[in-house]
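If you read the protein sequences in the order shown, they are chains A and B.
With the first letter of the first sequence counted as 1, position 308 gets the number 308 in the numbering used here; the numbers rise by one all the way through.
With the first letter of the second sequence counted as 1, position 59 gets the number 59 in the numbering used here; the numbers rise by one all the way through.
Keep in mind the hints are simulated off the structure, nothing from the lab.
Keep in mind the model is a prediction, meaning the values are calculated, not measured.
Among the clues, some could well be false.
[Unchecked claim] Facing chain A, according to a computed beta carbon distance under 7 Å, are these residues of chain B, among others:
hint, residue
1, S27
2, L30
3, A34
4, S55
5, V57
6, P61
7, E254
8, G255
[Unchecked claim] What follows is a set of in silico ranges between Cβ atoms, one per label pair, in the way DEER data are often shown:
hint, chain 1, residue 1, chain 2, residue 2, range
9, B, G457, A, P270, 37 to 43 Å
10, A, A298, B, D162, 44 to 50 Å
11, B, S441, A, P270, 38 to 44 Å
12, B, V283, A, D236, 52 to 58 Å
Glycine residues also receive a C-beta, built at the ideal position from the N, C-alpha and C atoms.
What follows is each chain in one-letter form.
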Amino acid sequence: MNEKDYGVVVGISKYGSIKPELEGPEKDAMEFYNWLVSSDGGAIPKNNVGLVLSSNWHTSLPANLNSDVYSFEPTLTRVTAEFAKLIRLTVNNSGKGVPRVGRRLYIYLSGHGITPRVDPTTSMGLSGLLMANCMEDVNYDHVSGQAWAEWFRLSHAFAEIVLFMDCCRTDLPEVSPMSISTPVVKGGRPTEVNVFYAWSTKWNSLAWEQPLGPNGEKRSVFSYALMEALTYGPTDVQGHLTPKGLVGYLSVRIKDLRNGDGSQRPDFYPPDPDDSIVLSLKAADPQSMNVNITFGPALQGQQVVLQNGADFEPIASHTASVETWRLSLKPGAYVLVIAGADRSLIVRPGEMKVERYDA
Amino acid sequence: MTHNSNWIRLLGHSEVPTTEITVLDSSFRLIARAVGSLDTALAPGAYTIQFKAGSSVSEVPAILRPGSHEVHVTAPSFTLRSPAPLTGSRAGEQYGPLARECSLKVMSTQTGTGGELFIFLRNSTQGSQATAQENRLFAVLVCDTHSRVVAELSEAGTRSQDGKSLGCSLALAPGTYLLRFDGASAGVFEQSVVVSKGWQTQVFASSRLFGQSRHVLGPNLAEMAIFMRRQGLGFDPSEHETLVAEAARQALAEGLPVAPTERLRASVTEANAIRGGMPEEQVNDLLKLKFGNPMFGIYGAHLLLLSGEPDWVLLGEVVTNLKSLVGDHPDVLALTMHPKLRHLEQSATYEVPPMLRSSWRLVVAESVQRPDLVPLYSYSSAVANRTWGAGAWLVWRPPIEATAREEQRPAHTPSQPMNLNFSSALLVLQTYVEEHLNRQSIGQFVQETARNGNFSGTERTLLIYLAGMHYQGWSLANLIKSQSGLAERFFSSFREVMSELDQLLKRAMSTITAHEAAVTPAVTSVFNEDYLVKALGIPMASLHQAVVTLSRKLSRSAAKVITRSPEGR
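With the rest of the complex left out, here is chain B (with noise of 0.2 Å):
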């Protein structure tokens, strides 16, 4: 599009700094997109400009007549679905009022002070089979990172009168805490929610049903709204920063690339210019009286990350701000775990997972650099393969025995990984694989591994994608080489075809003498660690035992097989 003299500026503005800003012109063709608000010139004409925000999307018309200077247009007001009560909605009516008075209710724990969490949960699930189980939707566990209960919820909590929503709040030493919920026959579920020196972690809840015929209810942790408001403050659901929070976390589920960016920029200016008149000691304290909820800094900052090709030096400065208001707060660390930001890294061990599924991303992908990250035998290696749902939040199954993660770590062994080669265990792995798959189906082969009582849940993951991959890679050579029509014959390895494939390539690839195509992380090789790592979500240390264990483990096995061998004939 060529900029004319006659072009008319047109500028749009939400409220709401994550909303998706796209212009159509007078055929609904796309002309123009922003995020949060927009500063475009056009040629004179009518306009419909869509604004969206969670699930709420509005259209306003523009009319750019010939001659005007500027036009300016405005987004509507947007009523979010959110397990928060906030005002202009309806649970926002019947339960807005006592969410507020519950988290200015604090309770004392055991844990100590200097921080407190308040928790709101509420019964959305309509029938009376929700409605006959909503003790359980209570029944909701705080703990401490050793699994022990900080606060039962259905005990300590205020419900309101009509019973379908229970509010608590408790003053806690700040750290990691686990939420958990036990939905019986369903299983249990669990997340971090950290609370900072200062803060009040407010954590509210919606409800689902759990279970294959959907007959538990429980709190939906995955699609949990979390602020932070400094203590003493409590829950204001009228409060125009929660409703901007909750849009942020919201387009973070969602993966929408809208990052705020204008809203962190104009944050960072202002808390540089704090900074640069403030004696130090006084900083702080003034950064938190300014950025009343963190929260919203945090889901910026993630969302910066997903917006492709990040302003570094602007998140760089997000990170420092964050952590000057809530110290060392594992989802902002993890933030410096990405290869641009490590420069503002400190040392950390993820004992427990972070709240953000995007931070244990992070986390993990780092992990192959700094295998200590996630330390073996921590309740984060534990349940790195026993992640569930989806959502901004990292929710997980824990292990079924409350001593898992002792039990992982066999007496005589030293916390560091075996010292054994990884890629000598993992062609173990392959060939056992192989072996097996050219004498049964894959799925004989994923149904059996399942069933195996000798793997780890760890070990399970590894050989099915393991087989996966040499399924889909000897499937897919086959079929070039039977369409080549070099031979129809069947092919009992995988290496063999593979080997035929990979000298048709060369010799393809040799006649080659232009620019070297890019690699994507989705075509290079799958069998090294980093793509392991990653594709299997689980952090380095883990990974590596896995494959070594199980490594041993078939060796094992097969030098079995090979010892009874004679006594068979």
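Chain A extracted, bound-state conformation (with noise of 0.2 Å):
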């Protein structure tokens, strides 16, 4: 287990007024919560993650029903108190060395969102994850993932510090900044500090919830991808699987899944990731995929090589003819070589590929 590893893990479904109504939320906090505490994913003993679910509070009760909003749960306390507890952390490690408290720190957060009055030169990031009790045009309490993770780094209490937002960024001017008013821990090497942060979608855009995986379950479009990745999501030679990796996936998958809109496109910091933090020391080999392919009358008698993407390497031969040739192939980009010339096949994660080749 990462017995130094710690996570704050928050998703909220149930808002007393905020619409619309969501089902994804809790669903993928529970199923980033179990990754992270698992041994193939996170590893996290389970006491060092903090979970924060509106089933908490509410198991049946339509959001609706309850009157008083602003007591609608979690609020901008509970959620707090999950962070207070790494802040007392590194307040009391403050005098040993640094990491203060540990090696990563993981955060993940999942709702209805916003961005505050930001300035989008410096810290478009703080959009915030909206609390359960907020109310249109009175209280938009928010969570920013990034002032936490800020503070975290700033205060060097992790050497590593991974962050996933997963709600709308719609740009709220009106609504100023939840800032954190306990100072920062000084003393450490913040620039020492490996981060990855990624949102859901861009600045001011929406992140969606719909119908996937086989039972047709509403969930976040970001998360569902997030945890493919994670999952079996593409490694480097050695087999780690970094924020490259998920950067590569996510563009990709986030696209597909909302059918080539690409209104919701996530967003990273930093844009262009190094490989220097492992999420995963041993993702599963991705699920390989339907592929027909088919050639035009011009083509037919011709020999076809299908080469690796990566190396060249020949996976299989084919004799083009009116016959579909059914490949079963691992997603990524690959090489058909038709009559000398190359010919380019993608195989997208997710989806049955058809292919038709003509002259």
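Take the two lone chains, each set in its own frame, and fit them into one complex as the hints suggest.
Okay, structure coming up:
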């Protein structure tokens, strides 16, 4: 187990008055939590993870039956309490070496979200997860994952910080940002802290949930793709899943899950990350996709060689005919050499590929 | 990634310079990123190149065989979703010719001449409810900065045969104008548009539904497409530069760090060549001929600011060129408010807000140093707390009374802020908030403050913000304290808790000898002028006025309570 890793996971599905009602956040947060504490995933002791879910307070009550919206849970205080535990550890260990608390901090926040008034040149990432007791035009209590992540970075509480924010980032310039009033614990070397922050969508854009998976349950598109990537995303040559693999996978997969609509485009910091944070040591092999290839009349009778896109090693060969060439391939880019000419074949995760080649 | 002599050069290009280009390897791992054009060397293999502009994303494969010299990939043509009827879109087919025709048919106004404003509105909302309200959509007023109506578009404009769009071109004296839409129960909305000498400002708005129940059809001011063309040329829906400018506007609206650096650099080089070979009096004319849509330069310059650490020399030269093209355009002057471009600064005051939200942010931030930048009692000051919506443009709900800005100024009050100490006045407000939060919930406090007719909008915003900060700090300190097991008793005073927390932190920090941590705006003090101006988005003079006035009101209120108290016993 990674005894020195910590996590704060929040999923808010039920809001007192904010619409539309959500189905995904709690399921998504639970799935991320399960990954965090599983030995194949984050391998974090359960005691090191703070989990805040709507169902801790609302099991069957429909959201709008509660007349006192302002007391709807979880509130800012509930969520802040999970961060406060880590602040206390940071403060208590301030006289010791760095990192003051542990190796890695994961923050995962899912629900409705906004971007308060921020300066886009410096602090656009301060988008916030809205709390359950928010009221339109009155109260926009929110938790900014990046503000907290930066607090722990500046306090050098951890060596690595990984943030996932799965919520809309609608720009609401009439809402003031909620700053963290506790002073950072100085004396660390915050520039040495490795961070990777991912937002489900770009600034001032919406993030969607939709029926996904074999049961057709409503899930967040970002979190669904994130869990796929964490489970069997593209690894480096050592078999490690790093932010490079995650960024590439999410860039392809979210567009596909949204049927080509590019308006939900995930956002990352740093935008061009390196391989220094290893998110998963043993990502599983991705599921192979069925690929059906047909050939136009002019190509029939030609010899076709399928090559791996990484090193051009031959994988299969075939004589083109009227028959469909049926293959099972892992997602990725391949090369078909037909009559001496290179043709591209891109197999996308999660979907059957049907490709036709003509002369 | 280590460079190897066997690697192959990969060149990517998009006709739209704000296109984000992402290179993925054969297993979809991120390999490289670029904006507009790509020039990199990669190991042999099969790659996927993603081109993203606006909401369009397309992918192109690239096969880099060992032994190849270089491989070129080009982005497919983009079709942007835009309020402007651009060629290639359905709206372009339907309304492009009408928009062009209307843009060339210029009507005179009483304001004078020198520039032009072309406005094209289009009902893009589906449903019979929207169709029934088309007259309302077109009821947009063009006003001068004194709120006098210059033109009423529903009367002055030409409607399409299907009645779903309307265009109107006006000859106007150069300056700033206000577009005003009255959405009845949904409220009134305004935005600035700037007309520059020798240019036609072209404004395109699609429609949206306003109001909490989404029942009022009106122009989508926040998502407008705005271009500039030399007078006499009109709108050309097929022009490539228009598409390029619109893509840049959309990138700015989405806050994407996709500055068209190379295109701007090339433009600067061309402009310098013109400057070098021509007499000064001819330079501006030639620049206008060369650079047909200065809005691209304005969007591009603001995008440069978004790119983290921009090339300040380049940005300075872009600003200089833009000044030559469009004069003292408020959104160009706003760029000189950035601390690193102050050497280009000219005297400016913003009686009326600029067009772009990003300009307004620069102006508000600079007002800490120059409170007179946004004069107290100016229209900008009056609407600063009434901004609305999102996107590239600054939209606001004007004060309900037409003469609000005059009524704001007490007859006996000088135009400068009252000469009271900001910090002492702020302390009065903090004490007021603290006392109230000791006896009522934050929810009650917020709701009571929002209903209190004695407070101005800015004063309410300030009090609610301070209350939120106090509450958050109090909660956090209490949480830390309760978890530390120091005491379980209830803390009646926020200050007491903060004081103990401070001591705890001081003890902790006294043992530390390592380097000082950097401090970001997110964690510095929230109670200084600079931070409050940025957090509340209210210019310095107005904020100062609100703090001082409110502290006086609250002091008087407290004094009354004290005076009355003996009688109550």
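### Task
Against chain A, run the beta carbon of P61(B) and see if the smallest gap drops under 7 Å.
holds (3 Å)
### Task
Under 7 Å, Cβ to Cβ, is where A34(B) needs to be relative to chain A, so tell me if that hint holds or is violated.
This interface hint is violated because 10 Å lies over the 7 Å limit.
### Task
With 44 to 50 Å as the target window, see if A298(A) and D162(B) comply at their CB atoms.
holds (47 Å)
### Message
Within 52 to 58 Å: is that where the Cβ-Cβ distance between V283(B) and D236(A) falls?
### Response
holds (54 Å)
### Message
Tell me if the interface restraint on S55(B) is satisfied: Cβ within less than 7 Å of some Cβ in chain A.
### Response
holds (4 Å)
### Task
With chain A as the partner, please determine if S27(B) meets the hint condition of a C-beta pair closer than 7 Å.
Cβ of S27(B) sits 4 Å from chain A, so the hint holds.
### Query
Per the hint of 37 to 43 Å, is the separation of the Cβ atoms of G457(B) and P270(A) within bounds?
holds (39 Å)
#### Entry: Hint check, E254(B) versus chain A [nearest Cβ-Cβ separation less than 7 Å]
Where the cut-off is 7 Å and the nearest Cβ of chain A is about 5 Å from E254(B), the hint holds.
### Message
Hint G255(B) vs chain A: min CB-CB distance below 7 Å?
### Response
Given a least distance of 4 Å, the restraint on G255(B) holds.
#### Entry: Pairwise beta carbon distance, S441(B) to P270(A), judged against the given window 38 to 44 Å
holds (41 Å)
### Interface hint for V57(B), Cβ within 7 Å of any Cβ on chain A
holds (4 Å)
### Query
Are L30(B) and chain A close enough, Cβ to Cβ, to be under 7 Å, as the hint says?
holds (4 Å)
Hint 3 alone, counting from the list given before, is not met by this structure.
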